[in-house]
Amino acid sequence: MVDFIKLEQEITNSLSKVTDLESLNECRIKYLGKKGEISLLMKELSNLSGEDRKKQAEILNTLKNKILSLIEEKTEELNDRNLNEKLSSETLDVTLPVSSSFGSIHPITQVIEEVVTIFGDLDFYVAEGPEVETDYNNFTALNTSEHHPARQMHDTFYVETQTDNMQNVLRTHTSPVQIRSMLEHKPPIRLIAPGKTFRCDNDQTHSPMFHQVEGLVIDQESNMSHLKGCLEIFLKTFFETDKLKMRFRPSHFPFTEPSAEVDIGYTKKGNQLVIGEGDDWLEILGCGMVHPKVLQNVNIDPSSFQGYAFGMGIERLAMLKYGISDLRTFFECDLRWNKHYGFSPLNFPSLIRDLS
Amino acid sequence: MKFTYSWLKEHLETEHQYNEVVDKLTAIGLEVESVQDTGLAYRDFIVGQVLEEEKHPNADKLKLCKVDIGREKVDVVCGAPNVTKGMKVVYAPVGSVIPVNQMKIKAAKIRGVESYGMMCSEYELGISNEHDGIISLEQDKEVGSSFADSSGMNDILIEIGITPNRQDCLGVLGVARDLAAAGVGKLKNREFKTEKGSFESPIKIEIQDNDICPAFAGCYIKNVKNVASPDWLQKKLKSIGLRPISALVDITNYVMFDQNRPLHVYDADKVKGKIIVRSAQDGESFKALDEKTYNLKKGMCTISDEEKVLGLGGIMGGESTGCNFDTINVLLESALFDNVNTARTGRDLSILSDARYRFERGIDPRSTLEGIHYATQLILEICGGECSEIVLAGQISETLNTIHISGKNIVKRLGLEITDDEIILILNSLGFGAKKSGESIHCTIPSWRQDIHGEADISEEIIRIKGYENIPTSNIRAISKVNKDILNSTQKIISKAKHFIASEGYNEFITFSFSDSKKSIFFGEVEKLKIINPISEDLDILRPSLIPNLLASIKKNTVRGIDSLSIFEAGSQYSSTTPEDQINSICGVKYGLSNSKTWRSEKKEFDIFDVKNDLLNVINYLVPGNKKISISDEAPSWYHPGRSGKIILNKKIEIGYFGELHPRIANKFKIKTRVNLFELMIDNVPLTEKNTTNKPQLILSDFQSVTRDFAFILDKDVKSSDLIKAALNVDTKIIKSAEIFDLFEDKSLGDDKKSMAIKVILQSEEKTLDENEINSLSSKIVEAIEKSTSGTVRS
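So the sequences go chain by chain: E and B.
Note that the first sequence covers residues 1 to 356 in the working numbering.
Note that the second sequence covers residues 1 to 795 in the working numbering.
Be aware that one or more of the hints could be misleading.
The list that follows gives simulated cross-link-like pairs (lysine-lysine, PhoX-like), each with its CA atoms no further than 25 Å apart [claimed, not checked]:
(1) 339/E / 651/B
(2) 196/E / 24/B
(3) 141/B / 85/B
(4) 652/B / 628/B
(5) 339/E / 604/B
(6) 556/B / 196/E
(7) 528/B / 466/B
(8) 321/E / 603/B
(9) 530/B / 339/E
(10) 104/B / 63/B
(11) 603/B / 339/E
(12) 481/B / 466/B
(13) 188/B / 238/B
(14) 481/B / 236/E
(15) 196/E / 597/B
(16) 339/E / 408/B
(17) 245/E / 466/B
(18) 73/B / 141/B
(19) 270/B / 293/E
(20) 186/E / 603/B
(21) 196/E / 188/B
(22) 245/E / 24/B
(23) 612/B / 408/B
(24) 555/B / 339/E
(25) 85/B / 66/B
(26) 196/E / 492/B
(27) 9/B / 466/B
(28) 186/E / 412/B
(29) 492/B / 652/B
(30) 293/E / 646/B
(31) 484/B / 186/E
(32) 270/B / 225/B
(33) 555/B / 492/B
(34) 668/B / 196/E
(35) 646/B / 556/B
If you want the footprint, here are the derived chain E segments under chain B, 3+ residues with CB under 8 Å [as the list claims (entries may be wrong)]:
(36) 30-38
(37) 102-112
(38) 131-137
(39) 162-171
(40) 184-190
If you're looking for bench data, these hints aren't it; they were derived computationally from the structure.
Being a predicted model, the structure only gives us computed values, none of them experimental.
In this text, a Cβ means the ideal position worked out from N, Cα and C, and glycines have one as well.
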């Protein structure tokens, strides 16, 4: 008769001394392997009979299960110890720097997209025209005849090609897009036309190339009160403030009558302009009711149709909204400037998320 | 235009403060550009009287004075030669600031004698250039009183911007008239005598071309004495920044700025025979008052005598008949000149003058005679003499234009409810004779409003006076949409491309649409792109490509120490200077380091595969769905011939180029490192209509895939695309992909050989491939590649 109690003690003892997974495995083979002590005893059971066999089998099974659970416990303990040792040797300096490689969107693109988003919501489509224009589209069709004093204020760039015996020009404003669009589409018309414009002027506050956005609405009833309503929505949305104050005052453009310039209220806090507060006024755009002669020039009957137009400088909008102080820096191509004033490429202006 | 508040009040009777008037000016369209308190600079100066005056003990040219300044008596050391006892002077106390040099007066010891304050010259006060002596004030000035108050220096200088249509406000009188209409006062009726001449002008006037000069009035004034203008006149001219010259000249200037009536005065003794107003002849020239000689062309309006050209009508007088202090007999001119002809002449000769500015905008014809009478009266008062009868050549139209307007149309245009009665009231206040005539309103346009032609113009007059602030604000959200799409396909492509490219690390630059012809010759036909009047020599053409300006920006940034530059521009380039030849393009540049050396990576420079990758990514983004992209090595000439490629979409569309900039061009731009760039031809991106929003069906095989690698020894010029194409063509259904995963060159392979390895993935959609099938496909792949490339598989 085997001394099971002694055997159990012996096994428990040797398991408790095990300090690594390899020795543990050796132990397991020694007792539970094919030729292990327990396995051999199991085999011997067949030599017994009746009650003895039943009794001894029961004891052996209990012992086997106990050993199995001891081995499992030990395995877990050893694994745990190994992991802790590993963890303590695996520290990294998480303060080491990493780098990002996103580029940027130019503030001009950002502002044009903001403007398009706002007017798109008001059902204006985006029209475009070429940067080289005919004299007719740029001036004459806009009621600015060859000797109109307003032409001299324009400092026009001329190129060597001609259309109808008149020198072509680099467009001095985005207004010729009005002409092209009205010749192409019949009213009702609602459009904005952002784009590059050119004037032969280069100093602190002027750049020979700059950007404008033109707006045009022609239908049977749009009047100055609609113009006011339109610009109010735009300016409040663009500057992201409901407190915006707006002032219309009379002005003159050959292609609108009545004409107005629009100022917005601001105050200066330190170096910052705060739009929507204060009592100072800043000119922001020009506008007016489209001149009947302009409509006649594009074969629209001014006794049936009327409407308004407006135009503003994109750089000016960008400077005021984003605190950019020098006009000329927009085109200087200084990477540091672009990274500072530029926008994330994932930033698509939206009226349901953020405009800027 | 500049004027002072006191000058304005000579025409306008008003109880309003100047700041209210200033606000009103802007509100009625006469935009105030600046307001300056001219007395401010003289605020601290006091009228003093010299009580005693003796020689300075230590300096011959200095004097010690005791000056009474009312509240005390002070000691002042003075160097002026004209200081005398009893003289009334302008005293600048300690602490005051001298206007001309912003010097602050301090108590000082001058050659050992204490001096408190200073006595001022006209120069020091910025009144004139007179600095030989101190100002001697009239004896009636009260000691201790403010100099600014007692000398009328307290005034407000107002500068307004006049829009080209408002020619009527180029004189103080016109501004006052508009303000009166707007309700801030009453226009004063300034009376002046109409001198009846006592003799017939000895100088006759003949107009040969009535189109360029409809009327010319002259007045001969004999025995005048041209003197320095009296104080009031000098002060007036100086107050708006003009330099007084002599009474005759100053009077004509004054009448121009006061009444908006340009005049000219000739020294009559220098005129030979009669005055002839005619078109110039080609080849004629004349020396103007600005001492420049101008070559005249046919059509220009000249004022001549029987020998020579005396002046350019409406623009500038000539030197030969100019007046000076010896002038005795004069001819005063007040004429009407055609505005278009005046504008053309002025522009052709590049002459800017106050007269041209006014005539090209249009002059009130009725001012012709009023102006000559007023100026004659002033000349007689100031210079004496005797005037002739007015001689008038040509005709001044007496009839005024009239139009009918409809109150309903005005309301419809302005969006403002306003009654016919109020419209009539406003128009009459502006000098329009307006009265109801049946359903419409009949208006007579005043002679001074050359800008009013139609109902739209009248609507501006009404809202200008009524006030733009009274226009209501109406909702503009359309009930039914007018437009289907806000952006068209090209606009969407450009916007998407910009954001995508920026997300690949590129920073968006915007450069001028101009560039330097000398540096752009590599990119197009620069002689077809010339600007006639460029802003500078190096911006003399429209750019044939986006590349040259971006290259110029590389240099600018590298000198600032930037060693890695990823930039792009989306914009127009041009193939000629006609409106049609504008091309949309995007150019991206990667220059310098792709990675700097960091703690976990070695430094690496950008190469053409960086830009190729970026370009292909953006093309795949812009042209989603099935497409065929092939790459050839035929890039344009500005690329490195061996390191560049062209991307062809669907066998025929040249959609983009990538590669290294041609080293010759890099050299021209003084760039020493390789420049990698791509161009995306936006206009060639197909504008695919979306037929369905569904994506193509997804077919996934559940059977196991197998990967096999093959390496080949190849001639160096074999292209990787040939290997891939040969492999894929073996079985387009089972071969899912073929990719190059290794490439090396080594002497052991032979000088003109390279090794390239390809990884092929095999997968059937019907079953698991067995060993035989795999081996058979593998052999076919090897065979196909060896055949198409003349290479050998490496074992």
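Tell me, in ascending order, the numbers of any earlier hints that this structure violates.
Hint check: 1, 2, 7, 8, 9, 12, 15, 16, 19, 20, 21, 23, 30, 33, 34, 35, 36 fail, others pass.
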